[in-house]
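A.B. asks: Chains as they are written, first to last, in the numbering used here: chain U, 1 to 443; chain F, 1 to 132; chain D, 1 to 502.
A portion of the hints provided could be inaccurate.
[As the list claims (entries may be wrong)] Residues from chain D shown here face chain F by an in silico Cβ test under 10 Å; the list is partial:
1) Ala-56
2) Pro-59
3) Tyr-434
4) Glu-491
5) Val-492
6) Ser-493
7) Arg-496
8) Lys-497
[As the list claims (entries may be wrong)] Every beta carbon over 10 Å from chain F, so not counted as near; a handful from chain U, in silico:
9) Ser-22
10) Pro-45
11) Pro-177
12) Asp-194
13) Ala-200
14) Arg-288
15) Thr-313
16) Ile-318
17) Lys-319
18) Lys-322
19) Ser-324
20) Arg-351
21) Ala-371
22) Glu-374
23) Tyr-414
24) Glu-433
The hints are simulated quantities; they were obtained by calculation from the structure and are not laboratory data. Note that the Cβ used here is the ideal one computed from N, Cα and C, for glycine as well.
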Amino acid sequence: MRYLPHTDQDIKQMLARTGHASLDDLFSTIPEECRVKREMCLPKPMTEWELNDHMAELASKNGASPSHRVFIGAGSYPHHIPSIIPYLISRSEFMTAYTPYQPEISQGTLQGIYEFQTMITELLGTEVATASHYDCGTALSEALLIALRKKKRFSRVAVSSLVHPHHREIIRTYLAPSGYQMVELPGRADGTTDLSSLDAMDDIAAVAVQSPNFFGCIENLGKVKEVAEAKDIFFVTSFTEALAYGLLKNPGHFGADIVAGEGQSLGIDQSFGGPGLGILTSSKQYVRDLPGRLVGRTKDRRGEDGFVLTLSTREQHIKREKASSNICSNNGLNAMKAAIYMATVGKVGIRRIAQLNHDKAIFLKSKLQEAGFEIPFSTPFFNEFVAKAPEGFAAKREALKKKGIVAGLNIERYYPALENHYLFCATELFSREDIETLAREVK
Amino acid sequence: MKEISELNLPENLKYSDDHEWAGVDGDVVTVGIDDYAQDQLGEVVFVELPEVGTTFSRGDQFGTVESVKAVSEIYTPVSGEVVETNLALADAPELVNNSPYENGWIIRIKADDLSELDNLKDKAAYLAMLKG
Amino acid sequence: MEQEITNSCRGEVKKCHTAKQTATSGLIFKEPFLWEKSREGRCAFSIPEQDVEASALDPELTGDLPELPQLSELDVVRHYTRLSQWNFGVDSGMYPLGSCTMKYNPKTNEVQASRPGFAGAHPLLDEDLCQGALEMIYNLEQYLAEITGMDAVTLQPAAGAHGELAGMLAIHAYHAKKGHQRSKIIIPDSAHGTNPASASLCGYESINIHSGEDGILTPEAVAAVMDEETAGIMITNPNTLGLFEEHIREIARIVHDKGGVVYGDGANMNAIMGIVKPGEIGIDVLHLNLHKTFSTPHGGGGPGSGPICVVKELEPFLPVPRVGKKGGRYTLMYDRADSMGRMLTFHGHFGILVRAYSYIVSMGAEGLTNVSKLAVLNANYIKESLKGDLYLPYERPCMHECVFTDKFQVESGVSTLDMAKRMMDYGFHPPTIYFPLVVHGAIMIEPTETESKETIDQFIDAFKSVVKEAEENPEILKSAPHLAKLSRLDEVSAARKPVLRG
Numbered sequence: 001m002r003y004l005p006h007t008d009q010d011i012k013q014m015l016a017r018t019g020h021a022s023l024d025d026l027f028s029t030i031p032e033e034c035r036v037k038r039e040m041c042l043p044k045p046m047t048e049w050e051l052n053d054h055m056a057e058l059a060s061k062n063g064a065s066p067s068h069r070v071f072i073g074a075g076s077y078p079h080h081i082p083s084i085i086p087y088l089i090s091r092s093e094f095m096t097a098y099t100p101y102q103p104e105i106s107q108g109t110l111q112g113i114y115e116f117q118t119m120i121t122e123l124l125g126t127e128v129a130t131a132s133h134y135d136c137g138t139a140l141s142e143a144l145l146i147a148l149r150k151k152k153r154f155s156r157v158a159v160s161s162l163v164h165p166h167h168r169e170i171i172r173t174y175l176a177p178s179g180y181q182m183v184e185l186p187g188r189a190d191g192t193t194d195l196s197s198l199d200a201m202d203d204i205a206a207v208a209v210q211s212p213n214f215f216g217c218i219e220n221l222g223k224v225k226e227v228a229e230a231k232d233i234f235f236v237t238s239f240t241e242a243l244a245y246g247l248l249k250n251p252g253h254f255g256a257d258i259v260a261g262e263g264q265s266l267g268i269d270q271s272f273g274g275p276g277l278g279i280l281t282s283s284k285q286y287v288r289d290l291p292g293r294l295v296g297r298t299k300d301r302r303g304e305d306g307f308v309l310t311l312s313t314r315e316q317h318i319k320r321e322k323a324s325s326n327i328c329s330n331n332g333l334n335a336m337k338a339a340i341y342m343a344t345v346g347k348v349g350i351r352r353i354a355q356l357n358h359d360k361a362i363f364l365k366s367k368l369q370e371a372g373f374e375i376p377f378s379t380p381f382f383n384e385f386v387a388k389a390p391e392g393f394a395a396k397r398e399a400l401k402k403k404g405i406v407a408g409l410n411i412e413r414y415y416p417a418l419e420n421h422y423l424f425c426a427t428e429l430f431s432r433e434d435i436e437t438l439a440r441e442v443k
Numbered sequence: 001m002k003e004i005s006e007l008n009l010p011e012n013l014k015y016s017d018d019h020e021w022a023g024v025d026g027d028v029v030t031v032g033i034d035d036y037a038q039d040q041l042g043e044v045v046f047v048e049l050p051e052v053g054t055t056f057s058r059g060d061q062f063g064t065v066e067s068v069k070a071v072s073e074i075y076t077p078v079s080g081e082v083v084e085t086n087l088a089l090a091d092a093p094e095l096v097n098n099s100p101y102e103n104g105w106i107i108r109i110k111a112d113d114l115s116e117l118d119n120l121k122d123k124a125a126y127l128a129m130l131k132g
Numbered sequence: 001m002e003q004e005i006t007n008s009c010r011g012e013v014k015k016c017h018t019a020k021q022t023a024t025s026g027l028i029f030k031e032p033f034l035w036e037k038s039r040e041g042r043c044a045f046s047i048p049e050q051d052v053e054a055s056a057l058d059p060e061l062t063g064d065l066p067e068l069p070q071l072s073e074l075d076v077v078r079h080y081t082r083l084s085q086w087n088f089g090v091d092s093g094m095y096p097l098g099s100c101t102m103k104y105n106p107k108t109n110e111v112q113a114s115r116p117g118f119a120g121a122h123p124l125l126d127e128d129l130c131q132g133a134l135e136m137i138y139n140l141e142q143y144l145a146e147i148t149g150m151d152a153v154t155l156q157p158a159a160g161a162h163g164e165l166a167g168m169l170a171i172h173a174y175h176a177k178k179g180h181q182r183s184k185i186i187i188p189d190s191a192h193g194t195n196p197a198s199a200s201l202c203g204y205e206s207i208n209i210h211s212g213e214d215g216i217l218t219p220e221a222v223a224a225v226m227d228e229e230t231a232g233i234m235i236t237n238p239n240t241l242g243l244f245e246e247h248i249r250e251i252a253r254i255v256h257d258k259g260g261v262v263y264g265d266g267a268n269m270n271a272i273m274g275i276v277k278p279g280e281i282g283i284d285v286l287h288l289n290l291h292k293t294f295s296t297p298h299g300g301g302g303p304g305s306g307p308i309c310v311v312k313e314l315e316p317f318l319p320v321p322r323v324g325k326k327g328g329r330y331t332l333m334y335d336r337a338d339s340m341g342r343m344l345t346f347h348g349h350f351g352i353l354v355r356a357y358s359y360i361v362s363m364g365a366e367g368l369t370n371v372s373k374l375a376v377l378n379a380n381y382i383k384e385s386l387k388g389d390l391y392l393p394y395e396r397p398c399m400h401e402c403v404f405t406d407k408f409q410v411e412s413g414v415s416t417l418d419m420a421k422r423m424m425d426y427g428f429h430p431p432t433i434y435f436p437l438v439v440h441g442a443i444m445i446e447p448t449e450t451e452s453k454e455t456i457d458q459f460i461d462a463f464k465s466v467v468k469e470a471e472e473n474p475e476i477l478k479s480a481p482h483l484a485k486l487s488r489l490d491e492v493s494a495a496r497k498p499v500l501r502g
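Just chain U, with the same shape it has in the complex:
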């Protein structure tokens, strides 16, 4: 097998040194009753060519771009990925390197992540960011746990019901064993969070609002800040579409304490939902509470500038059972991809793409309205919005799939009161023609 270099000669010589008669003898200390009784039942190994055919066939059974136009966001967004990103990231010195625990030979990764930390805090208006988390849902859960730990007397957190449904599920999973509870804030008729019930709550450690929220609506984060400050609780905010902050006022502007986000829109492919990029960032005062790796700048013995992983005493390999999180491996390579993306689009590019996303989504909205859809929420949105479908849409949507068009995501299963409501997304990837075709087909 091409990954296994040992020849019979090699094996013979090596066994001579170890003093074993055969490879099987190497396992002689394993008690007989622990040994397997039969060979594993796995498919016959494939050659490279057979593998290509097999995987091409599996891949062809998925309705993905470019054969399909999928007008769905909901936490995973179709965007142009500049070709230099996969090209640069596939350099094996980045891809096959380990965690930079030996900094002298890992300055590539370390400077790359330091630059990511810098650019992402710039984008979000925050002061310190970790080297990545798994995704927004897990990062958001960690953010809430930070608040609960710091506000020791309180055991509940208030989370908007317009935070991504899957994120709220993750939060519940993370909070459950410690007995912490999540209370949900309802939505208002305009598609944003109703904060009024917060007034009566005096045992919560944090309030979390996603913006743009699951409906795509831009929340009034200034209002959330006011309420959080008045109650002296943590103001946590999250986002699933990072490109929104190429256009919108960022969370730092509103004084968010901790921000959790999904960075997949920054040059990372959707890949059926993962791996993405969890972003966890906050104001400076919480740096020692943040879980995950941090790259810091320093000098070497010769006085040369360099980078190291730092504040490691927060982490599991030192704190062990006292660690605030167990995270070890992160999504580092995707943080590098996001850094390359931000460097590629730059200050002006990111605004132009974000603006274009918004333009396309507005255009899609108006075309759908012409086709008989109603827009239930009046609040401005970035690149996705909810539309109530006219009679007979479900059948049309089904038929459109065969034409390679996926027209929105039905959100009834997440919000039962919103019967026949669909979440639509349009990005810079969709042409005017794509959108007009969709509108024409669903009329």
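Please arrange chains F and D on chain U, whose structure you already have, making use of the hints.
C.D. replies: For chains F and D alone, coordinates are given in the frame of chain U:
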């Protein structure tokens, strides 16, 4: 690492089994970590301090002292209320290494019961424990 | 091979047996930060056509332009190409990191993961539009169940530690369902730090037990602490010293007898594929690291993937959704009342799953069994070759990794750290150092099966040279590395006054 004979352990202080020292002035007890602890820990990078006004019982953890690769919990030898913490440590945690008994003190606690200090060892008894 | 080397500290010329230093200096650029290269008006992105009307967002909602750098495409390409040249990957050289299984990352895996049908698939596609992805997930679950001898698998956890948390949540849910939640979990002192951290996140107190004199756990030590308040035990097998836990079946029996659950940390699975099935030796829930055993790349820190494999009794508690197969069609099953809930927003690190799947179907059963056999052969070969030069705390057969210490060198004032830093000058990434914590100055070497005898011989020669230098010229170790981009970095200042952004 220093040999036991090289350790600096002022006579007028008392020592706990987990290598903290306590000095008394009226009913205020000053607490820090001793020369053995700072030597074992290595260069201190951060000291986590409690808030002034917090009350502790004898033996409670009141903070941590961190080096690059290790974290040490620190425990109060007496019950009482924290009246002062050494804020200089925020910018200069190395004071714990360079001057563990003077500029590197960590907290001052108003003791509820000074007799609790009898649980600590004097220099001779502490040295005996280290050697033993 | 004898070489004259100059002792740079004292200007003396010494004759030393030295292996050929394979690391050299090339063109190593001083590359500034992206923002230092930025020039107003540059952009490396080709903005798509504005074919719809512009629609201004309410200025109240609009933010300032973020201060991201402005660069040309070549600026970006040169920047990252130069940065990569300061790094060291498995493709550059041997990476004998114990417990990390730094094996070769097959390039065909990258081809498969980048197929548009996979890379461009939205996770919330209608089921009939993602049958390919669901089929792959379903089959990968089956293969991992077969390899580990377990009944059910979830691919949702995003990394080993995430899988550990999922495993602990499964145990927590199991005891809750039984009507009596327990408060403690037994963890050997040799465990990876994520074990007690994961246990804490579930509210379990870690009860530490020591291994026996021979480096493995004794049933007596477990029996002494196992009771009806203990949720179970977290055990790594082979353990972090690279030794097979020979008493595992007895230990599992002791834990099961008191109603506990046995968690297996599967980080060291590379030693036992086709040899031992964790499901057959008493393990109830096991996590795997696809970025270790199953060849997916480490990416400088991640992303990885940490599936968990469980016995039938624990299946109801697995995360939602699960992938089922009905009449040739694959479907997502959400209705699972006892599930721990969701661990990740979508189905797991799918792109990583594609790579692991490709690896498994390329290797087959015999291939994977050979992987383990050769991994163990390579480690034992290194153990036998270096045991005179480095102190071997446990003189017994090792599995896929072996552990030495710096006991011999400490006398001349040379530590494990010094030897590790000097190995870089010989062209090798250092082994894992100072883990596990149970031995002082640990040096954990895991060559993996993809290293050839020649490479391993070079590694052995290099280490022997370093050991010789430790005796004859310790200063050259203490000031190492000499040939890397940087010398040792000031981690103290980095921690005292953290500078975390530019």
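A.B. asks: Compare the structure with each hint and give your call.
C.D. replies: Here is how each hint holds up against the structure:
For the restraint placing Ala-56 (chain D) at the interface with chain F, the shortest Cβ-Cβ distance is roughly 47 Å, beyond the 10 Å limit, so the hint is violated. Of the supplied interface hints, the one on Pro-59 (chain D) is violated, with its beta-carbon coming no nearer than about 41 Å to a beta-carbon of chain F, more than 10 Å. Taking 10 Å as the C-beta contact cut-off toward chain F, the hint placing Tyr-434 (chain D) at the interface holds, the least distance being around 8 Å. A least Cβ separation of about 5 Å between Glu-491 (chain D) and chain F falls short of the 10 Å threshold, and the interface hint therefore holds.
Evaluation of the Val-492 (chain D) hint against chain F yields a held restraint, the C-beta minimum of about 5 Å falling below 10 Å. Here the hint on Ser-493 (chain D) is kept, as its CB sits about 9 Å from the closest CB of chain F, short of 10 Å. Below 10 Å, beta-carbon pairs count as interface contacts, and Arg-496 (chain D) has one with chain F at about 5 Å; its hint therefore holds. Using the Cβ-Cβ criterion of 10 Å, the hint placing Lys-497 (chain D) at the interface with chain F is satisfied: the shortest such distance is roughly 8 Å.
For Ser-22 (chain U), the requirement that its beta carbon stay farther than 10 Å from each beta carbon of chain F is met, with the minimum near 43 Å. With 10 Å as the threshold on Cβ separation, the claim that Pro-45 (chain U) sits away from chain F holds: the shortest Cβ distance comes to roughly 44 Å. Distance check on Pro-177 (chain U): its Cβ is at least 23 Å (rounded) from any Cβ of chain F, clearing the 10 Å threshold; non-interface status holds. With a cut of 10 Å on Cβ distances, Asp-194 (chain U) stays outside the contact zone with chain F, its closest approach being about 35 Å.
Even its closest Cβ contact with chain F, about 28 Å, leaves Ala-200 (chain U) beyond 10 Å, as expected for a residue assigned away from the interface. The Cβ of Arg-288 (chain U) does not lie farther than 10 Å from every Cβ of chain F; its closest approach is about 7 Å, which violates its non-interface assignment. A cut-off of 10 Å between C-beta atoms contradicts the statement that Thr-313 (chain U) is not in contact with chain F; the least separation is 5 Å. Consistency note on Ile-318 (chain U): stated as away from chain F, yet its beta-carbon is not over 10 Å from all of that chain's, at 6 Å minimum.
Its beta-carbon lying about 6 Å from the closest one in chain F, Lys-319 (chain U) breaks the requirement of being farther than 10 Å from that chain. With a minimum CB-CB distance of about 8 Å to chain F, Lys-322 (chain U) fails to clear the 10 Å threshold, and the non-interface call is violated. No Cβ of chain F comes within 10 Å of the Cβ of Ser-324 (chain U); the nearest lies about 12 Å off, and the non-interface call holds. With a least CB separation of 39 Å from chain F, Arg-351 (chain U) remains clear of the 10 Å interface cut-off, as annotated.
At roughly 60 Å, the least C-beta separation between Ala-371 (chain U) and chain F is larger than 10 Å, which holds for a residue marked as non-interface. The Cβ of Glu-374 (chain U) lies farther than 10 Å from every Cβ of chain F, with a closest approach of about 54 Å, so its non-interface assignment holds. No beta-carbon of chain F comes within 10 Å of the beta-carbon of Tyr-414 (chain U); the shortest separation is about 42 Å. Here Glu-433 (chain U) stays apart from chain F, with its beta-carbon at least about 58 Å from theirs, past the 10 Å limit.
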